[in-house]
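One letter stands for each residue in the lines below.
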Amino acid sequence: MKITLKVWRQKNGKDSGRFETYQLNHVSEDMSFLEMFDVLNEQLITENKEPVAFDHDCREGICGMCSMYINGRAHGPWEGTTTCQLHMRAFNDGDTIVVEPWRSAAFPVLKDLMVDRSAFDRIMAVGGFVSVNTGNAVDANSTLIPKEDADNAFSAAACIGCGACVATCKNSSAMLFVSAKVSQLALLPQGQVERKDRVRKMVAQMDAEGFGSCTNTGACEAECPKGISIANIARMNREYLGAAILPGN
Amino acid sequence: MSKISQLFNSSIGQKVIMSLTGLFLCSFLVIHMIGNLQLFKGDSGMAFNTYAVFMTTNPLIKTTSYLLYASILYHAVKGLWLAARNRKARPVKYAMSQANANSHWTSRNMGVLGTMILVFIVVHMSDFWAEYKFGHIPYTKYTTNILTGELTSEAMPTDYVQSKKLEEYMVGTDTKVVIVKDLYKEVSEEFQNIGLVLLYLVAMFAVSFHLYHGFQSAFQSLGIAYDNYKGIIKAIGIWGFAILIPAGFAAMPLYFYFFKS
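In order, the protein sequence lines correspond to chains A and B. For the first sequence, our numbering begins at 1 and goes up steadily by one. For the second sequence, our numbering begins at 1 and goes up steadily by one.
There may be inaccurate statements among the hints.
[What the hints assert, rightly or not] Here are the simulated DSS-like cross-link-like pairs (lysine-lysine), alpha carbons at most 25 Å apart as the crow flies:
#1 Lys-93(B) to Lys-14(A)
#2 Lys-165(B) to Lys-226(A)
#3 Lys-111(A) to Lys-260(B)
#4 Lys-78(B) to Lys-201(A)
#5 Lys-141(B) to Lys-165(B)
#6 Lys-3(B) to Lys-78(B)
#7 Lys-185(B) to Lys-141(B)
#8 Lys-3(B) to Lys-201(A)
#9 Lys-93(B) to Lys-6(A)
#10 Lys-196(A) to Lys-93(B)
#11 Lys-147(A) to Lys-201(A)
[To be verified] Coverage of chain B stretches by chain A, computed from C-beta distances (three or more under 8 Å per stretch; other residues unrestricted):
#12 97-103
#13 130-142
[Unchecked claim] Computed footprint of chain A on chain B; a stretch qualifies when at least three of its residues, placed anywhere within it, have a C-beta under 8 Å from a C-beta of chain A:
#14 12-20
#15 183-191
I should point out that these hints are in silico values taken from the structure, not numbers from a laboratory. Ideal Cβ placement from N, Cα and C applies to all residues, glycine included.
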């Protein structure tokens, strides 16, 4: 396959950035999108040019690092897929592919396609955890959890924090991410101790980071590589209202 | 910061107020629609004009109407403010974006649709509400024979005024007389203007698209979009608020333009 790539190049956070066009003449349709970028970078290195910086880690679709906005969609055209699991057979010979970094005030570009997603870490740090007793481990089966709650918590826990929801949302809202984390813990008995405090703090931190607010377009859910449902956002709204109005911490 | 003030300053709290004001405005549309159906009654506007007096004099309704005006203002101003703030959350736009692949266009254009509706509300209220309240609308005398049901109407002289908005009395034992400001006539004259009729039609499309997303979205923001109710909320949003209500309102200018000229 012959592929023309229009890739966003930006030296650092202060650089204003621009698109560069590259031609790749021997792309296999069995390559993953990131492998195609590896080929591009080898080509750039042999030409004595600066390779394209992009985030990647596991290349198995579970770490959430590979953030690329491909042809106007987070993680490219396939549903429920991270960039590393997107394969070149999704494209046609002769295609031009536009690749941009996540765009959000809360995710500043570090270099080329890499963005700083530590805003998510700070949201997690204020409340995305549970208190546990030290000492001997309790028998796991001694805590009963309704099947439906366990399933919903597990589905929410599938969130890999990739930031595609923020990248896709017209408001750069982080509600899908935060609601997945809030839901995962609020649904389980282990998460009850900090339940109200958690949702208040995580939402306050989310707002402080400069994410936009949710207008329920549903774009995040459609583009989420892990299929996190916006039912979680409704649950977080409920949790937050409850935490603000009902007594107790 | 107290928990309540934290709530109102948070992105979620602001969305909750947008939802509540929005749903309140939706409930108003239902009442407004049902009341205005009296325009189609074919009684030269007697029922509609009497209803207009009731709506502008009943203390409960008057109080609710001030709450309504406040809600419209809050919903509009806060909505535009939130839209502006949300735009700032993405200072550098994408060179290429395929938003249609993941969301409905109405959900992405609530600010534009809402602005169209706000402009319409200003025109609509200056046409009828301000005209009724501050302008000079002539009176009409309706005479009904309560035995035969026969109804005649007769325009009062333009300089006629009365202290009460509605004069109602019997002549003899079988003739009822009602003298009331003829808002119906005002409506029927205004809607002879094709430009105004078209403006109303465009505005009703804006209402339809705004509520197609807005009604369902309000329940999601309030956190009550449980799977159990999702279907019914969606059905009411689409069939009731995006189709039936705008179509009913759009029928009014069309009725006067085509059948009452």
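Hint by hint, work out which the structure violates, then give me just those numbers in ascending order. The structure conflicts with hints 2, 3, 10, 11, 13, 15, although it agrees with all the remaining ones.
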